[in-house]
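So the sequence lines, in the order shown, correspond to chains A and B.
Just so you know, our numbering puts 250 at position 250 of the first sequence, and the rest follows in order with no gaps.
Just so you know, our numbering puts 119 at position 119 of the second sequence, and the rest follows in order with no gaps.
No wet-lab data here; the hints were simulated from the structure.
There's no promise every hint is true.
Given that identical chains are not distinguished, each listed pair holds provided it fits within a single copy or across any two copies.
Once the Cα atoms are required to be at most 30 Å apart in a straight line, the calculated BS3-like pairs of lysine-lysine come out as [as the list claims (entries may be wrong)]:
| hint | residue 1 | residue 2 |
| --- | --- | --- |
| 1 | K33 | K288 |
| 2 | K288 | K271 |
| 3 | K33 | K154 |
| 4 | K27 | K312 |
| 5 | K158 | K100 |
Protein chains: 2
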Amino acid sequence: MRIGETHYRSIWMEEDPGIVSVIDQRKLPFELKVVKLKSGKDAYNAIAEMIVRGAPLIGVTAAYGIYLAGLNSDPQHWCEEVRLAGEKLSSSRPTAVNLKYAVDAMLGQVNCAGSREGMIDRLFYMAIRVVEDEVNRSREIGNQGLALIRDLFKKRGKPVNILTHCNAGWLACVDYGTATAPIYLAHDQGIPVHVWVDETRPRNQGSRLTAYELGQHGVPHTVIVDSAGGHLMQNGEVDLVLVGSDRTTRTGDVVNKIGTYLKALAAWDNKIPFYVALPSTSIDFNMKEGSETEIENRAGAEVAFVEGWNEKSLQPEKLRILPESSNVANPGFDITPARLVTGLITERGICNATEEGISSLFGE
Amino acid sequence: MRIGETHYRSIWMEEDPGIVSVIDQRKLPFELKVVKLKSGKDAYNAIAEMIVRGAPLIGVTAAYGIYLAGLNSDPQHWCEEVRLAGEKLSSSRPTAVNLKYAVDAMLGQVNCAGSREGMIDRLFYMAIRVVEDEVNRSREIGNQGLALIRDLFKKRGKPVNILTHCNAGWLACVDYGTATAPIYLAHDQGIPVHVWVDETRPRNQGSRLTAYELGQHGVPHTVIVDSAGGHLMQNGEVDLVLVGSDRTTRTGDVVNKIGTYLKALAAWDNKIPFYVALPSTSIDFNMKEGSETEIENRAGAEVAFVEGWNEKSLQPEKLRILPESSNVANPGFDITPARLVTGLITERGICNATEEGISSLFGE
């Protein structure tokens, strides 16, 4: 997607195939800084230090990391080195399912009985494939969801107002994003859309990343606090809610960023369609109920401190926004029960958020 | 209520009856600064500059302001001066109903045919009465709501978890508060309570004021982002939701801080009692449906900038937290339909959020 006049992905290989570049997402939206990864260790650090984030992008970064580890490996000990790099990358973030998937796909290319050069070739092509698979899934989610937006535009005859929560955009993936993919495709086809961007406390992925993405690509959008969506829905200012998902159970319960459940309730109360966009790689077929998920309790400092741009010092700074003695709780995700979900938008099509719906697309 | 070991009100007359002191609420929770008001103009500035806020406190401050205007009035032109001060104070904030009520009560004491000294005496006593009426309403709301908390404690046998939104505390009133009044009374009687404090973006009245109040009075509490309440309710961690109200219609619709509606939906979905605490002075008997209310669209800068404590410079600062080019919408209130409200806690008792319920207590 575009930043200014340039088409960007969140990660790309430079002309020198020993260098993989990523956008430093910790600096957005205040600074566009590109970080060059030259080794498996660089890739590990990029994930662990949250230079990159978003489950799909983490997986892709790990894939490139294993390739870089192979490229730089010692001619004597290449096989162990690459395996160790894979183990290390696997541990870089505890919960991302895509990470394990990508690492397994890459390590499957390592044959200790073969040649180092053969392995490097195979790692190169497998990394490219992991990337392109990710992009293709996003684009297909976009195509599937596009039909929904087009229908709403035909019915209304005026711009379609879409509310989204958190960042399920291209910055979390490689290109297009998940929830944003139908929005970008609609915008690029000239269907007028306007996006209500939930700020998404406490880490503000909505106001920092989604607003940045949409603004750079030229998509009209308005940032709101997380509390405002219900009021907008009551007043007919939202035509569609479109969010991503960190994990979807086989019965259609959706684990996503904290606050998603409240938006689903408001959509339901106001008879507004509530869709979840997700690649099939984030469906957990082993899990029936969302309540089986253990919800991560994150550091209270994420709530107690806020990061932003100091217009006096012209640099990013942190401020404390709570009394020092107050306790803080910071659950990272919540569970939207399938009964509140109008449909799931996947790369294979749109289905009901039910066991039957999901297995109609992913029966195997 | 307590700050440290001292009992405070949000406003009080000093031993010198020419000085009325208020807590500078713009500085909380980072600094406890007391501002001395010595004239009607000082009182006007305190309201206009938001040194004081909260509808009940604004009314009380205006009442004291008219008294101070009388006290400092010119022996020749006292009558016009006091009336002008009343007009000016009336215009200090556009929407507070209590403000008009307090100003009218005070100006009713001004008799241009009488003596200046007589007027000053009457203004003094009327100001005291406006203050004490406010405190009494809060205390009675507290007593009425206390029964609910006591019952929940008896039923559960463990600390009662109460979720609140925004600041409907003593800092918004004079003492006790509205939504917080039952909580303070329960705590002071030894009933174990724990309060989930919604941060309340964008102005953070929850994390800045409610958390401060509760902490200083020794009430156990935990600050959460506005998005977290639904998840806590799904997990049985909320026994009661207790909020204030800026305006309640005669049929029981509740206009309150943006985001209240989302909490009411979540309480309803999880079968958790959702109560609204309000003095009868905030019931709008002329209004039937909440949707008749014009919702104030506040400055986008409230969302785009956040104020907090810089632990390096040791002073409060502001940071921008959005891309400069993003639009912002900032509706200040939303409407919780009466159907989602379990009951209204007023100074005369608890009633259903219906026209019948309200007129059973306020038939006249």
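Against the structure, the hints come out as follows:
Taking the shortest alpha-carbon separations for K33 and K288, neither the intra-copy value of 41 Å nor the inter-copy value of 55 Å comes in at or below 30 Å. Proximity of K288 to K271 under the C-alpha cut-off of 30 Å is found in both arrangements, the shortest distances being 26 Å within a copy and 24 Å between copies. Taking the shortest alpha-carbon separations for K33 and K154, neither the intra-copy value of 40 Å nor the inter-copy value of 58 Å comes in at or below 30 Å. Taking CA atoms no more than 30 Å apart as the test, K27 paired with K312 passes in both settings, with 18 Å inside one copy and 20 Å between copies.
Taking the shortest alpha-carbon separations for K158 and K100, neither the intra-copy value of 44 Å nor the inter-copy value of 42 Å comes in at or below 30 Å.
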